[in-house]
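Asker: Spelled out, the chains give:
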Amino acid sequence: MAYSEKVLSHYETPRNVGSMDKDAKNVGTGIVGAPECGDVMKLQIQVDEATGKIIDAKFKTFGCGSAIASSSLATEWVKGRTLDEALAIKNTQIVQELSLPPVKIHCSVLAEDAIKSAIHDYQEKNGLDHDHAEASEHTKA
Amino acid sequence: MALKLPIYMDHNATTPVDPRVLEAMLPYFTEKFANSASRNHEFGWEAEDGVKLARKQVGDLIGADPKEVIWTSGSTESNNLAIKGVADMYKDKGRHIITAVHEHKATLDPCKRLAKMGYDVTWLEPGPDGIIYAKQVAEAIREDTILVSIMWANNEIGTINELPQIGKVCKEKGVLLHTDATQAVGKIPVDVNEAGIDLLSGSAHKIYGPKGAGFLYVRRRKPRVRLTPIIDGGGHERGMRSGTLNVTGIVGLGKACELCRLEMVEETARLSGLRDRLEKGITSQLEHAVVNGHLTKRLPHTTNISFPYVEGESMMMAIKEIAVSSGSACTSASLEPSYVLKALGLGDEIAHSSIRFGLGRITTEQEVDYTIEKVVTAVKKLLDLSPLYEMVLEGIDINAIEWGAH
Chain A
1 MAYSEKVLSH
11 YETPRNVGSM
21 DKDAKNVGTG
31 IVGAPECGDV
41 MKLQIQVDEA
51 TGKIIDAKFK
61 TFGCGSAIAS
71 SSLATEWVKG
81 RTLDEALAIK
91 NTQIVQELSL
101 PPVKIHCSVL
111 AEDAIKSAIH
121 DYQEKNGLDH
131 DHAEASEHTK
141 A
Chain B
142 MALKLPIYMD
152 HNATTPVDPR
162 VLEAMLPYFT
172 EKFANSASRN
182 HEFGWEAEDG
192 VKLARKQVGD
202 LIGADPKEVI
212 WTSGSTESNN
222 LAIKGVADMY
232 KDKGRHIITA
242 VHEHKATLDP
252 CKRLAKMGYD
262 VTWLEPGPDG
272 IIYAKQVAEA
282 IREDTILVSI
292 MWANNEIGTI
302 NELPQIGKVC
312 KEKGVLLHTD
322 ATQAVGKIPV
332 DVNEAGIDLL
342 SGSAHKIYGP
352 KGAGFLYVRR
362 RKPRVRLTPI
372 IDGGGHERGM
382 RSGTLNVTGI
392 VGLGKACELC
402 RLEMVEETAR
412 LSGLRDRLEK
422 GITSQLEHAV
432 VNGHLTKRLP
442 HTTNISFPYV
452 EGESMMMAIK
462 EIAVSSGSAC
472 TSASLEPSYV
482 LKALGLGDEI
492 AHSSIRFGLG
502 RITTEQEVDY
512 TIEKVVTAVK
522 KLLDLSPLYE
532 MVLEGIDINA
542 IEWGAH
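Protein chains in written order, with our numbering: chain A, 1 to 141; chain B, 142 to 547.
Each hint should be verified, as a subset may be incorrect.
Stated by the list, open to error - One-sided and incomplete, this derived list gives chain A residues near chain B with beta-carbon spacing under 10 Å: (1) Tyr11; (2) Gly18; (3) Val40; (4) Gly65; (5) Ala67; (6) Ala88; (7) Ile89; (8) Gly127.
Said to hold, decoys possible - Far from chain B by the CB rule (all over 12 Å, computed), these chain A residues: (9) Lys25; (10) Ser72; (11) Gly80; (12) Asp84; (13) Glu85; (14) Leu87; (15) Gln93; (16) Gln96; (17) Glu97; (18) Gln123.
Just so you know, these hints were derived from the structure itself, not from any lab. All of these numbers come straight from a predicted model, not from anything done at the bench. Every residue, glycine too, gets a C-beta built ideally from N, C-alpha and C.
Given the sequences, and given the hints that come with them, work out the whole structure.
Answerer: Written out as structure tokens, the structure is:
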């Protein structure tokens, strides 16, 4: 299969690889996917409590090139956004940015799930309302 | 010599045509173009001579009489003809067939079709070493068993089934034995009489011959095996496979068999040396890498290695200058890990992370060393990226986690 240049770029030099302290109060962690499906993504966000903005993001992904690229891109996109802004990221935007073929759409869905799951974790830890996360729905391209 | 990229390391999938094979074939496209069934002119006789020589060359490689070789388009057709042909011809004797779960699809699917038609199929399962043993076959044989179909060597992991012994069991019980020897013919000694084989499938393109040419060995004496043909027509090949012969392909197949027979000892030593170098180079630098299947009862040129916590497709992407096969069929969008590796009892996450390396006549030591370096670098990079590996390092049992479905 031919990958788009953007997928190759993220795959070859993934942005924001790494881990944060998952027990820290200002860190939210999302782990989605399953090994038997061939994809597991871990996405973490660090939130500035004063501004409510995501100031840093890290990921680790077990999966194909498109899964790695989707999560790498997700970390780039969430940085600098408020939680609500980050929750607004849709998998279809990832599909478009990376030119993912139909068989790889599940990678973008997983990346969107990972963002939501990380935000949810942060909100839960800090006793915040997380209705937004629950209300979200994927748009399948 | 400078290393040329990409490197071909997928010789279990197919092989390049050996220039000596091509040379033998060329005259049969142009000057010696005739239909080998044209008995009444010199053109036909010339083509027939080419086919006759090829029959002998195939027979010599597998210890068969040339008359016992039936030309086909390849092993898929040979397997279909053997299995469906025996099933139909002997249906009044019984309707029970024995095979194994990790056979090639060209054996599994004909058996599944027969099962739908009312035949009873027993699917033997291997242990972690990937081998089917004679004892398993003996225990599965019943009064109404008409055929056992067990491959000689497995295409994904290269393991060799307990064949002379399985043949002995089948002979004792009077059951026909078919073996898909596509991966074994030309690579290791194959003798139909020593191994008690009644039907044997082989293919030219796995042994440096052309695609589209294959054969089915059909025993003529003790017992004389009969088959219901799948393709009816002019009654070629003792009525078992009609259709004008693919003379050029057959000539190439014959030449390919001759070269394999003459060069086998030397080539086996060279390839198993390279294969061991590749395996040691990888496993000594990557502590989690595991070689799948039996470590000695296997083909000299094949190794299947699992890289736990690393996903197969991303791995193939990282070593894209090296042509290999992944245990995972992700690229075909099915997301199904290899059924062969699962049959060995490997977990899904490991079956997803396996690579088959198939060395061949053109493989060099330099290519092997390059492959080792590339694979080790890629796996280390992907382990750094792997959340599963991170959990393992933290002492978390990833099999104990309840993963969400998606």
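Asker: Would you pick out the hints that fail for this structure and give their numbers low to high?
Answerer: Hints 6, 7, 8 and 10 contradicted; others consistent.
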